[in-house]
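2 protein chains.
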Amino acid sequence: MKQVSTIDAIRAEVTGLKSQGKTIAFVPTMGALHKGHLSLIRLAKEKADEVVVSIYVNPEQFGPNEDFGSYPRQMEDDLNACEEEGVALVFTPNDKIMYGSGKKYFRIELDELNAHMDGGSRPGFFEGIVLVVNKFFNIVKPDYAVFGQKDIQQFQILSRMVEEFNHDIEMIAGPIARANDGLALSSRNAYLNDHERKAAPGLYRALKYVEKQIRDGVMEPGLLLKHQQDELEAKGFKNDYLNVFSMENMQPVEKLKSGKKYILAGAAYLGKTRLIDNIILDL
Amino acid sequence: MKQVSTIDAIRAEVTGLKSQGKTIAFVPTMGALHKGHLSLIRLAKEKADEVVVSIYVNPEQFGPNEDFGSYPRQMEDDLNACEEEGVALVFTPNDKIMYGSGKKYFRIELDELNAHMDGGSRPGFFEGIVLVVNKFFNIVKPDYAVFGQKDIQQFQILSRMVEEFNHDIEMIAGPIARANDGLALSSRNAYLNDHERKAAPGLYRALKYVEKQIRDGVMEPGLLLKHQQDELEAKGFKNDYLNVFSMENMQPVEKLKSGKKYILAGAAYLGKTRLIDNIILDL
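Heads up: the protein sequence lines correspond to chains V and D, in order.
Counting the first sequence from 1 gives a position; my numbering is that position plus 39.
Counting the second sequence from 1 gives a position; my numbering is that position plus 39.
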């Protein structure tokens, strides 16, 4: 495994692999790798000959009051984990390499797709993700890019970017990796104290409960969702959203229809830690 | 020479050329090819093993009251010209291939660089250019892209896009091709009647006059420019702008400094035809 930090170096390495006729799958990460990331790396290895992982905590996707400063960083552990998984290249740029030091003149703006869910709660979040991933795609030029379903809105927005910007890349979503008690794995779970950690799977249980009711025929789940939010509050969560969204444009949907795909998704705080989770409904 | 119209086809052809170890230079055009375009194609051939030309009148870069409908289209002549110049591939997509038929969620916005010159006079013009060229770059994935200096603001903005988006492409500017009387060649010159055509080189003469005065030491050319605008109006032009702009951020500059680069540029109408021209000042 090689670790490189400059754009010229990663391009040279990728060009080298491609000139041997190898296909490339790219797994962009912010480090603090857990079993969820490792499952994405394994999925990447199934799809392509070689895997490139990026480790970069992208400042552009954090709001001024968010956890950019405290976001977990553990480069040595991450590199060891990548090596064990048979990753070919790890790209570890710094901010200067990614964004330079001068003024940025270009902005990529999004309509509608980021109006609700995490986009609604975190202004600038998806603009920051789109900015950095568009750059990564042009730097690494992979054949495949692998992202987790946990960040379903990210996956849908980036898939749309690939389409509208004509990136020659196949987007692949990896399933949500969960702890034994159902909690979706996340680098931010490290923030939870013991008490919060015990309560944390409540979000997934709420989603599972709503999912079952919908599969049993509840096609207007508004009251049901409201009730589950009350239950979560009673368990110590502070709700951000818990709702059903259109798979196409990620707008909230009040009345579900058979034959359609939806995202049942929730975000809630336990203390200062923001948890997200989702279930895809193919009705 | 091959003409292809779909994204899959152009990608397959370019991949074929690259797999033979060939470098690619890309010359995006809106067709109606004149000697200016041909000089860009020749420059492209000097830089790379093979040349790809796109011919596509991009609706996104025309305003509602501009000349999209009447813009000259002469595909057969253009293809013959490309063949004579030894172009390897001509990409001739239609609107559906370039933009699909559904809603577009992504916008690329620009700060400052498009506030003056043609960007100031043509709202949405450079957003439309950036939109289509970003797509072309991801579709064709050339090693070089060649644009004319006549559209100097376009060249500067796209160069900045290449930098901020990390396109792995070297931008090359070709010098302005001119008629014997100095008029910058342009597909829109076809709109000029005999009378207008005779007056048209006046714009370049005004720029040359101002250039000489600046080279002779006039470092605050405001009055000089105003006077030249009056002269142009007297010759039947309707002025849009005639000014000196910063090479870096394309803002108007009142007081010039030695050791700096500027763009001395003008745009003016003759009848309904909008002419542009420029001279780069390296003081």
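Each hint should be verified, as a subset may be incorrect.
A pair counts as met if it fits within one copy or between any two copies, since identical chains are not told apart.
Here are the computed lysine to aspartate or glutamate pairs in the DMTMM-like style, where the Cα-Cα straight-line distance is at most 20 Å [what the hints assert, rightly or not]:
{"id": "1", "residue 1": "Lys142", "residue 2": "Glu287"}
{"id": "2", "residue 1": "Lys174", "residue 2": "Glu203"}
{"id": "3", "residue 1": "Lys84", "residue 2": "Glu235"}
{"id": "4", "residue 1": "Lys274", "residue 2": "Asp150"}
{"id": "5", "residue 1": "Lys142", "residue 2": "Glu203"}
{"id": "6", "residue 1": "Lys135", "residue 2": "Glu151"}
{"id": "7", "residue 1": "Lys174", "residue 2": "Asp207"}
{"id": "8", "residue 1": "Lys237", "residue 2": "Asp269"}
{"id": "9", "residue 1": "Lys135", "residue 2": "Glu202"}
{"id": "10", "residue 1": "Lys296", "residue 2": "Asp116"}
{"id": "11", "residue 1": "Lys143", "residue 2": "Glu202"}
{"id": "12", "residue 1": "Lys135", "residue 2": "Glu148"}
{"id": "13", "residue 1": "Lys135", "residue 2": "Asp207"}
{"id": "14", "residue 1": "Lys143", "residue 2": "Asp207"}
{"id": "15", "residue 1": "Lys247", "residue 2": "Glu293"}
Hint data in this document are derived by calculation from the structure and do not stem from the laboratory.
Tested hints:
1. Lys142 <-> Glu287: Cα proximity of Lys142 and Glu287: across copies only (11 Å, versus 34 Å in one copy).
2. Lys174 <-> Glu203: Result: close both inside a copy and across copies, 15 Å intra and 8 Å inter.
3. Lys84 <-> Glu235: neither (35 Å within a copy, 65 Å between copies)
4. Lys274 <-> Asp150: Neither. Shortest intra-copy (35 Å) and inter-copy (47 Å) distances fail the 20 Å Cα cut-off.
5. Lys142 <-> Glu203: Only across copies: Lys142 and Glu203 sit 10 Å apart there, 26 Å inside one copy, limit 20 Å.
6. Lys135 <-> Glu151: neither (31 Å within a copy, 22 Å between copies)
7. Lys174 <-> Asp207: Both, since 14 Å and 10 Å are each at most 20 Å.
8. Lys237 <-> Asp269: within (18 Å within a copy, 79 Å between copies)
9. Lys135 <-> Glu202: between (29 Å within a copy, 13 Å between copies)
10. Lys296 <-> Asp116: neither (46 Å within a copy, 53 Å between copies)
11. Lys143 <-> Glu202: between (24 Å within a copy, 10 Å between copies)
12. Lys135 <-> Glu148: neither (23 Å within a copy, 22 Å between copies)
13. Lys135 <-> Asp207: For Lys135 and Asp207, the Cα distance is within 20 Å only across copies (18 Å; inside one copy 27 Å).
14. Lys143 <-> Asp207: Between copies, since 18 Å is at most 20 Å while 25 Å is not.
15. Lys247 <-> Glu293: within (18 Å within a copy, 66 Å between copies)
In the structure shown, a violation is registered for the earlier hints numbered 3, 4, 6, 10 and 12, in ascending order.
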